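For reference, the chains in residue letters:
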Amino acid sequence: MARYDRAITVFSPDGHLFQVEYALEAVRKGNAVVGIRGIDIVVLAVEKKSTPKLQDSRSVRKIARLDTHIALACAGLKADARVLINRARIECQSHRLTVEDPVTVEYITRYIAGLQQKYTQSGGVRPFGLSTLIVGFDPYTEKPALYQTDPSGTFSAWKANATGRNSNSMREYLEKNYKETSGKETIKLAIRALLEVVESGGKNIEIAVMTQKDGLRELEESEIDEYVAEIEAEKAAAEAAKKGAAKET
Amino acid sequence: MMKPDMSALETHFGAPAGEDCGLLFDVDDSSMPAMEFPNCPNFDRFQAKTKDMVKNKRGTTTLAFIFDRGVIVAADSRASMGGYISSQTVRKIIEINPYMLGTMAGGAADCQFWHRNLGTKCRLHELANKRRISVTGASKLLANILYSYRGMGLSIGTMIAGWDEKGPGLYYVDSEGARLKGNRFSVGSGSLYAYGILDEGYRFKMSIEEAGELARRAIYHATFRDGASGGCVSVYHVGPDGWTKLSGDDVGELHFQYYPVQKTPVEQEMVDASPSTA
Chain L
1 MARYDRAITV FSPDGHLFQV EYALEAVRKG NAVVGIRGID IVVLAVEKKS TPKLQDSRSV
61 RKIARLDTHI ALACAGLKAD ARVLINRARI ECQSHRLTVE DPVTVEYITR YIAGLQQKYT
121 QSGGVRPFGL STLIVGFDPY TEKPALYQTD PSGTFSAWKA NATGRNSNSM REYLEKNYKE
181 TSGKETIKLA IRALLEVVES GGKNIEIAVM TQKDGLRELE ESEIDEYVAE IEAEKAAAEA
241 AKKGAAKET
Chain R
1 MMKPDMSALE THFGAPAGED CGLLFDVDDS SMPAMEFPNC PNFDRFQAKT KDMVKNKRGT
61 TTLAFIFDRG VIVAADSRAS MGGYISSQTV RKIIEINPYM LGTMAGGAAD CQFWHRNLGT
121 KCRLHELANK RRISVTGASK LLANILYSYR GMGLSIGTMI AGWDEKGPGL YYVDSEGARL
181 KGNRFSVGSG SLYAYGILDE GYRFKMSIEE AGELARRAIY HATFRDGASG GCVSVYHVGP
241 DGWTKLSGDD VGELHFQYYP VQKTPVEQEM VDASPSTA
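Order-wise, the sequence lines are chains L and R. Just so we're aligned, residue 1 is where the first sequence starts under the numbering used here, counting upward by one. Just so we're aligned, residue 1 is where the second sequence starts under the numbering used here, counting upward by one.
None of these hints come from the bench; they were simulated from the model. You may find that some hints are simply not true.
[Unchecked claim] If we take Cβ atoms under 10 Å as the criterion, some of the chain L residues that face chain R in the derived model are: (1) Thr98; (2) Tyr107; (3) Tyr140.
[Said to hold, decoys possible] Here are some chain R residues the structure puts well away from chain L; computed CB gaps all over 10 Å: (4) Asp5; (5) Asp44; (6) Thr89; (7) Glu267.
[Said to hold, decoys possible] No more than 25 Å apart at the CA atoms, straight line, and that leaves these computed lysine-lysine pairs for DSS-like: (8) L:Lys143 / R:Lys130; (9) R:Lys130 / L:Lys118; (10) L:Lys213 / L:Lys143; (11) R:Lys166 / L:Lys143; (12) L:Lys48 / L:Lys242; (13) L:Lys188 / L:Lys118; (14) L:Lys62 / L:Lys49; (15) R:Lys263 / R:Lys181; (16) L:Lys235 / L:Lys203; (17) L:Lys159 / L:Lys62; (18) L:Lys159 / R:Lys130; (19) L:Lys118 / L:Lys143; (20) R:Lys166 / R:Lys130; (21) L:Lys118 / R:Lys121; (22) L:Lys118 / L:Lys48; (23) R:Lys166 / L:Lys213; (24) R:Lys245 / R:Lys263; (25) R:Lys205 / R:Lys263.
Note that the structure is predicted; figures quoted are calculated from it, not measured. Where is the CB? At the ideal position from N, CA and C, for every residue including glycine.
The task is simple: from the sequences and hints, build the whole structure.
Next up, the structure:
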């Protein structure tokens, strides 16, 4: 088996591309990311690992804007992310130039996934070590969309998804608790999913919200703290109700 | 200025059979003379020079305009080579796809080829993006291609007309690289005459029949005065469900429809007088 994991362009006898799978491992070590698609809103929530005291946290934005109506968050190798995001931004503008129309979320996702796939089928390169969650609004139908890509170059649309550290537990939580929501409810759902695996508090979570009208907006730390407080209160109330019911029987 | 590589035209015949198959040794130059190649100092520009010489005046009349109910596209059908009329039945309105039309003015081959090529690109866009391409996008694709061939002798003056999600669309695109959005265009040697009728009779709110008739009359008047336009007038209408051909009329017949033969006064008197004489 060890012989088949060096070069990207070599299949193993049982059909694996080991380099791609190792790239997925790199993703699993990256920070947790959650994306939720609501009725008229899309939310991206990213875990913020503790910033060193002397680092300027504003320079480490984890949620990138690709165009006025599309945003991206990723888990994995951040340097690879920078390269991919720059190529995607150029493609968004190039599309506007050649057809005089903004890209659809599906188009740019397909482009990014195509780029990731190209690097799994060339000599002398390694795959991009990141999975992305791409959110945005379709410029024609004005419907919200959420897509995920991974190092192998596959992409698909989701109602809600998570990637990065402990993504399985977050996805399980979302599968149990997902409902079509809008506005604040969607934001709270994203935070609740992320809080399953992340320490609670505004300084550990970065959230961006996009609506058709107002575009992308990053929430302030104080706002996030408010939401977290609400969620904790709701949790406590639910616990108390359960205990109360248990006592009665 | 690159000199083209002529080495492939030098002959290598006459080598003994079997040994090297005549590929390596240049034997016996006198057995076959090398082919003469015409002197061409500027390989990339020679077609442009030819075009300047011929001075394609775009002998044709085409027009298109947007109105209340969509877009009307009309054209004549004469092809001329200098003073010789090579055809009276050229289809100058090219169907790019069921909801987009292009007009032909300039070099017929250039127009036909690039419109078919544009049709291919539009279809590929549809398949990749699961939605039709807009008229804006299609005209931009064509304009970018023509711009990249600028100075190499293409001669195309075309209008792209269609109906997309934003409604009716009309663009003028030419081989110099221009791309203009507009409501009324006429292209070709007869365009001056067509503009006269078109601008005078144009109203935004018209029925489809009225608009078609306006286009027909405009092309007819252009064929009346311009020697390089003639044949038949084709009129198409592009609506929300795609294009339909409204009419195709021979210009000669239209002439007598618009200007029926008037009997002169003398002839009229003779006709009136004849029954009364015994």
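Exercise. Sort out which numbered hints this structure fails and list those numbers smallest first.
Key: 12, 13, 15, 19, 22, 24 and 25
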